[in-house]
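**Student:** Build the full structure now, drawing on both the sequences and the hints.
Protein chains in written order, with our numbering: chain A, 1 to 333; chain B, 334 to 666; chain C, 667 to 999; chain D, 1000 to 1332.
For the record, the hints were derived by calculation from the structure and aren't laboratory data. Keep in mind that a hint or two might mislead.
To be verified - Pairwise CB distance ranges (calculated):
1) Asp-762/C to Ala-468/B: 48 to 58 Å
2) Phe-1270/D to Glu-274/A: 21 to 31 Å
3) Glu-44/A to Thr-1058/D: 26 to 36 Å
4) Gly-1288/D to Ala-57/A: 40 to 50 Å
5) Gly-203/A to Arg-655/B: 22 to 32 Å
6) Asp-1292/D to Ser-69/A: 39 to 49 Å
7) Asp-626/B to Asp-762/C: 45 to 55 Å
What the hints assert, rightly or not - DSSO-like mimics (lysine-lysine), calculated; alpha carbons at most 30 Å apart, straight line:
8) Lys-1090/D to Lys-1129/D
9) Lys-1012/D to Lys-20/A
10) Lys-493/B to Lys-140/A
Claimed, not checked - Chain C regions said to be covered by chain D (calculated; three or more residues, Cβ under 8 Å):
11) 858-868
12) 890-901
13) 907-918
14) 977-989
For glycine and all other residues, C-beta sits at the position ideal for the given N, C-alpha and C.
Now for the letters of each chain:
Number of protein chains: 4
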Amino acid sequence: MKVALFGAGRIGKVHAASIKTDPRSELVAVTDVVTDAAQALADEHGIVSRPAGDILADTSIDAILIASSTNTHADLIEAGVKAGKAIFCEKPIDLDLERALKVRQIARHHDKPMMMGFNRRFDPNFAALKAALDAGEIGKGELLTVTSYDPAPPPASYIKVSGGLYRDMMIHDFDMCAFLFGMPKTVTAHGSCLVDPAIGAAGDIDTAVVVLTYADGRLATIRNSRRAPYGYDQRVEVLGSQGALAVRNEVENSVEKSTAGGVVSSKPVYFFLERYMRAFAIEWAGFVGSCLDGTPVPASIQDGVNALALAEAANRSLAEGRPVEVTAGMTGG
Amino acid sequence: MKVALFGAGRIGKVHAASIKTDPRSELVAVTDVVTDAAQALADEHGIVSRPAGDILADTSIDAILIASSTNTHADLIEAGVKAGKAIFCEKPIDLDLERALKVRQIARHHDKPMMMGFNRRFDPNFAALKAALDAGEIGKGELLTVTSYDPAPPPASYIKVSGGLYRDMMIHDFDMCAFLFGMPKTVTAHGSCLVDPAIGAAGDIDTAVVVLTYADGRLATIRNSRRAPYGYDQRVEVLGSQGALAVRNEVENSVEKSTAGGVVSSKPVYFFLERYMRAFAIEWAGFVGSCLDGTPVPASIQDGVNALALAEAANRSLAEGRPVEVTAGMTGG
Amino acid sequence: MKVALFGAGRIGKVHAASIKTDPRSELVAVTDVVTDAAQALADEHGIVSRPAGDILADTSIDAILIASSTNTHADLIEAGVKAGKAIFCEKPIDLDLERALKVRQIARHHDKPMMMGFNRRFDPNFAALKAALDAGEIGKGELLTVTSYDPAPPPASYIKVSGGLYRDMMIHDFDMCAFLFGMPKTVTAHGSCLVDPAIGAAGDIDTAVVVLTYADGRLATIRNSRRAPYGYDQRVEVLGSQGALAVRNEVENSVEKSTAGGVVSSKPVYFFLERYMRAFAIEWAGFVGSCLDGTPVPASIQDGVNALALAEAANRSLAEGRPVEVTAGMTGG
Amino acid sequence: MKVALFGAGRIGKVHAASIKTDPRSELVAVTDVVTDAAQALADEHGIVSRPAGDILADTSIDAILIASSTNTHADLIEAGVKAGKAIFCEKPIDLDLERALKVRQIARHHDKPMMMGFNRRFDPNFAALKAALDAGEIGKGELLTVTSYDPAPPPASYIKVSGGLYRDMMIHDFDMCAFLFGMPKTVTAHGSCLVDPAIGAAGDIDTAVVVLTYADGRLATIRNSRRAPYGYDQRVEVLGSQGALAVRNEVENSVEKSTAGGVVSSKPVYFFLERYMRAFAIEWAGFVGSCLDGTPVPASIQDGVNALALAEAANRSLAEGRPVEVTAGMTGG
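**Tutor:** Put into C-alpha cells, the structure is as follows:
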C-alpha cells in the first residue's frame, strides 16, 4: 500500500515514522508548502518531494495522510475523495463546524476508508480501559473524568491560529468522552486564563473544566490546563456500578529514591511524542487494516464531526454562561 | 474540661470515643431523646444519662458536643450560647440557610468557642496537602478536584430527611473547597439518580458533579457518588502553577499479591469511621485547645454557613439548570 | 483480668497503653527497679507502684507482663510460673540459649498461658500476608525475604548489652521466618560494620544478610541494617509456585507531590511505635483471649526458643564463616 | 558501518532488529549453521545469507555480532579478532572459565572494540539507578539486592546445555552486581530444585539465593527463580548511607481496576523481549558509538570474565557448602 504524506512539520514527521512501523504500507512521497521541509523529510526517508497536485493525480498512490495545517484539512479531504484515495486526516476536520459537516457529506459516499487521527483511542492504556469497560468489568459506567494537562503552553502566536483551547486541545478529550460514553446531551463549559496572560490577550483560555451530561444521567468531566510543570498529565477515570477503572500516567522510569526528604519516583513522560509514540503506530496499523481488509475505520469522519460539535457547544456555553444542548443538527444527524 | 454529649447515635458514639483520647477533656454526661440509647452509652462510659435541660443548667459542665439529629442543631446551639457553654456542633447548622444565618448572628457575640465538626479538615492527609499548598510548594493553586464517593447508599428513609445530597453529603466537599481555595463566585451543579431509583423517588440525586468558579479564575470540581463498590473513595487533587498535590486513598493493608491474574492490592478503607478515626480525635483536640488557650476554632460557625450557602446555591443551580452566583447576602457577609 | 506490669521503660509504656485498649483487662500495678519511673507510670495510669515480690504474692493479680530489661526475663518467667500467673514476656527469653531452654522446661508444665511478645506477627499487614499464604493463594511458598532496617542506630552503650544484632534485632526476623516458613535446616550469616564504627568497636555488626535453607528446598533471606535514613523499613516478600505476596511499608500520609523535580510521596512511618502501634494492641488482645478462653497463645515460649536458636546459629555461622545446621538439640526438640 | 550477524535464532532476531534502530549501522549479512533459519532472516531483512568464513574474509564488513549458540562464542571471538573485526558477543564468552580467560588474553591486543552483550546495563531504569548511585544521591551503597525471576522455566533439554542456573541465568545478575558494586571478595551460594523436577533430574537448580561479600563490608544478595507466574520480575534495590534506590518492574499498562475484590493493576511485562527491547537498542548504539568514536565499550570482555568467575565460584560454593573466595587468578588479574 503506497502512501503520500501531506505536511512535513512536527506531526508529519511523527506519521512518517509510524508509516514505517507497518510493513504493509510504504511511504513514497511527501509534500509541503514549505518545500525545504518537504525535501528534508523526503531525503531522510529516501523518497521524493512532489507537488500536492501530482500526488493526487498519481494513481499508483493508494492513500494520503493529511498532516498539514488545520486550514487545509477540509480542502485536502475533498480533493482526496475526488482522487479516489484512502484518507487519513489529523484532527480536526476544520475549525468551522459547518464546513466540517459539508466535508462529511462529501465523504459519506466515498468508497475508500476515511479516518480521523484521534491517536489517544489507540494508546494501549486507554484501549485497555475501554475494553474492560465494554466487557462490563465495572458494571455500567456512571461518572467519567478525563484529565489532560500539557507540560507547557504553546506560544501566543500558535494560540491565535489554534481555534481556541476547546477546538485545539480539548477536542481530544471530547473524543475520549465520545469514545467511552458516546455523545452527551448537554455541555457546560468553564475556563480561565491563569497560565499565560498572552493567551488571554489572544482571546483564549488556558485552564478549563467542562461537564457533559448524558440523556441517561451519566456525567463526564474534562479538566484541561496548558501547564503541568511535572510533565504531560493524561489520565482517565470511570466510576461504574460495580467498580472503577483508572488510567494512570506513564512515567519516565521505574526508579524510586527514598531519602530523609521523602520517596521520589519518576515524572510522567514529557509530552505527546513520548506518551503516544506507540499509539501513533497502532493507529496507523488500524488504518492500514481498514484499507486492506475493508473493516470499518476505528475513528471515522463522524467522530471528527462529533468532537468538533462538542467543542463548538463548549465555546457557546463559555460565551453565554449556561449549559448548551447538543442537537442532532450540530452533528449532522 | 467537663463535656456533655447530645446524641447517642452513630456519630455520637464516635465523638464519645474521641473525647476520651484527649486527657484534657472528660465526658461526664450524655442525653438523647431515645433514652435507652443514652443510657447504654452512659453505661459504656461509666457516666450519667441526664435530660438536656439539666445538662445546660449544670454550671460544672464546660462544653457541649452536639451530635443529635440535624433538626435539633440550631436550637441546641442557641441554648448552648444562652447557657454559656463552649459548643462543638456536628455539621450542618441547619438544613435551612436562613435559620443558619440567624444562629450565626446569635453565636457571633458568644464569648466561648463555637466550632463546627468538619472532620476532614483534620485528616492528616488533607491537612498535609493544605500545609504544602499554603507553603507555596506547588506555586499558586489553580485547579482543585475533590472526590467523595460513599461505599454504599443509605436507605431511602434517610434520604428523605437528609436535606438532599448537596446539603447532606457534598457539604463536606464544599467545606473542603472553602478550606483550600476559599469561597467561590459561582456554583454550577449537575446531578442524576443512577445508583438507587428509591433515591430518585425520594426526590434526590445520588451522583453529582459540581463546578465552582473563583473570582480570580481558579476552578474547582466536586465529584460525588453514593456508591463506590470498592470502598470509601476520598481524594483531593490540586494543580498549581509549579506542580500538583494529590491525596490518595488510605488502604486496608499494604499487602500486594501478584499472580497470573494481575497485581492486587488492598481496597480503600471501608467508610468514614475507618478513614477519619484519627481525624475525629485531632478535631476534638483542636476544640479542646481553643477552649483552653483561647485560640480561634479551626472550623467556625461561619465555615458552617459558607458550606451551607454553597449547597443552597447548588440546589438552585440544579433546579434552574444554570450557574448560580454566590452572593455576600447568602453567607451573611 | 487484673494485670501487673514489670518494667516502666519505653516498651513498658507501650504495653501499659495496649492493656488499656482491651476492656477485658485492667492494669492494676507496675514495678521497676527505677522506682521513680515506676511511680511516674503508676501516676499516669492512676494505679499503684509496688515491689515485684508483692505483686507476685498478690493472688488477686491474674497476669504479669514482663517488659523489664532482658537479663531479668528468665528469672521473672520462673517466678511467675511459681506464683501461678499468666505470663506475657517481651522477647527474648534470655540472651543465652541454654538458659532459655531451662526456662522453657519449667514453663512446660505451667497451666496458665505463657506468651512471647513477637509483636510483628500481629501487624495487620504481615497477618494478612500469612493468611493469604496459608490459604494457598500463591500456591506453595518457595522464596521468602524479610527486610528490616531501623531508621537510626542505637548508641554503642546499648549495643554492648544488647546481645548483638542477631539476638537483639534480627530475632524478630528469625521469628517472622519461623512464623511463615517454619524452622530451617541451616543458617548462613554475613555481617559488617558499615553504619557506625562505635558499633564495630563494641564487637557488633550493623549490617547483615542471613540465608536460611529449609529441608524441602525452600530458601529465606533476611536483610538488616541499623540505618535507613528514610525511616523504618519493614517489608516481607514471598514468591510461591502460583504467585507472590509482598508487604510494603506503611507511610506517613497519602499525599503525593508532583513537580519538575519528580513525584514525591511520603516516607515510611518513622519507627516501631508508629508502625506497630496497632500490632501491640492486637497482640495484647490475643493474650487476653488465651487467658480467658484457654486457646493456645499465638506466640509461645517455644517460638521464643526457636528464634533464639536461629540467632545463636547465626552468631556461630558468622564467627566460623560457614553454614551452621539447626539441630533438634538447639531447640530442645 | 557494515555488520554481519552470526546466529539467526531468537536472540539473533532481536539483535537484527536492534541493528536497524541505529542509522549509523547496517546489517548486510547473516550466517547460521541452520541455513534455513539464516535464509529466512536474510529474506526478512533484504540481506544475504553467507557462510561464516566468507563473512570473516569480507573486508567490507566492519563488525560481527555473535548471537550463535554458547559453545561457538569463544571460537568466533578468536576468529573475529584474527579477521580484524569489531566484535559484539552475546554472554557468556564460554561456559568454561579457563577458556574464557584464554579468549580474553587473545582479545587483549585487539585494536577494535570487543563488547559483551550484558543488555541489562542499558535498561533505562537500571542505568538511571546506577547514575543516581554514582552521583552519591544515597551516599555510599551498602546493601544491594538483585532480583531476577523468569516467568516460566525453559525445557529440561535447554537446561542440559545451559551450563546451569548460575552461568546461564544468574550471570546477568552477577554482572549487575559487578556493574553497581564492583567485584566481591566471597561468594556463598544456595539453591534448590522447586519448580520442575526435570530440572533437578538434569542436575541443575531452579531457585537460588547467592550472597556476595565485599572487602569493604558491603553485601549483595541475588535472588533467582525460573518461575514467576505473574511475569518477568526484574528489580534492583540499593540501601545506602543516605537513602535507598529501587527499580520496580515495568508493567503491561497503567490501568487500575477497583472492585469489591480489591485494586488490580497490571502485571510486569512478560519476559526479556518486552522488558529489555529498549535496552537492546541502547546497547547496540553504545557498541556503534565505541566503533565510530573509539570510546571504551560499556561492557568489556573483562566484564564477561568477571561474571563468569562469579558463576564459577557460586557453582563451587553450592557443591562444597561453604563460602568461596574470588581470587585474582579467577579473573585473570
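**Student:** Evaluate each hint against the coordinates.
**Tutor:** Results for each hint:
{"no.": "1", "hint": "Asp-762/C to Ala-468/B: 48 to 58 Å", "verdict": "holds, 53 Å"}
{"no.": "2", "hint": "Phe-1270/D to Glu-274/A: 21 to 31 Å", "verdict": "holds, 24 Å"}
{"no.": "3", "hint": "Glu-44/A to Thr-1058/D: 26 to 36 Å", "verdict": "holds, 30 Å"}
{"no.": "4", "hint": "Gly-1288/D to Ala-57/A: 40 to 50 Å", "verdict": "holds, 45 Å"}
{"no.": "5", "hint": "Gly-203/A to Arg-655/B: 22 to 32 Å", "verdict": "holds, 24 Å"}
{"no.": "6", "hint": "Asp-1292/D to Ser-69/A: 39 to 49 Å", "verdict": "holds, 40 Å"}
{"no.": "7", "hint": "Asp-626/B to Asp-762/C: 45 to 55 Å", "verdict": "holds, 53 Å"}
{"no.": "8", "hint": "Lys-1090/D to Lys-1129/D", "verdict": "holds, 21 Å"}
{"no.": "9", "hint": "Lys-1012/D to Lys-20/A", "verdict": "holds, 19 Å"}
{"no.": "10", "hint": "Lys-493/B to Lys-140/A", "verdict": "holds, 26 Å"}
{"no.": "11", "hint": "858-868", "verdict": "holds (count 4)"}
{"no.": "12", "hint": "890-901", "verdict": "holds (count 6)"}
{"no.": "13", "hint": "907-918", "verdict": "holds (count 4)"}
{"no.": "14", "hint": "977-989", "verdict": "holds (count 3)"}
Violation of the numbered hints given earlier is absent; every hint is satisfied by the structure.
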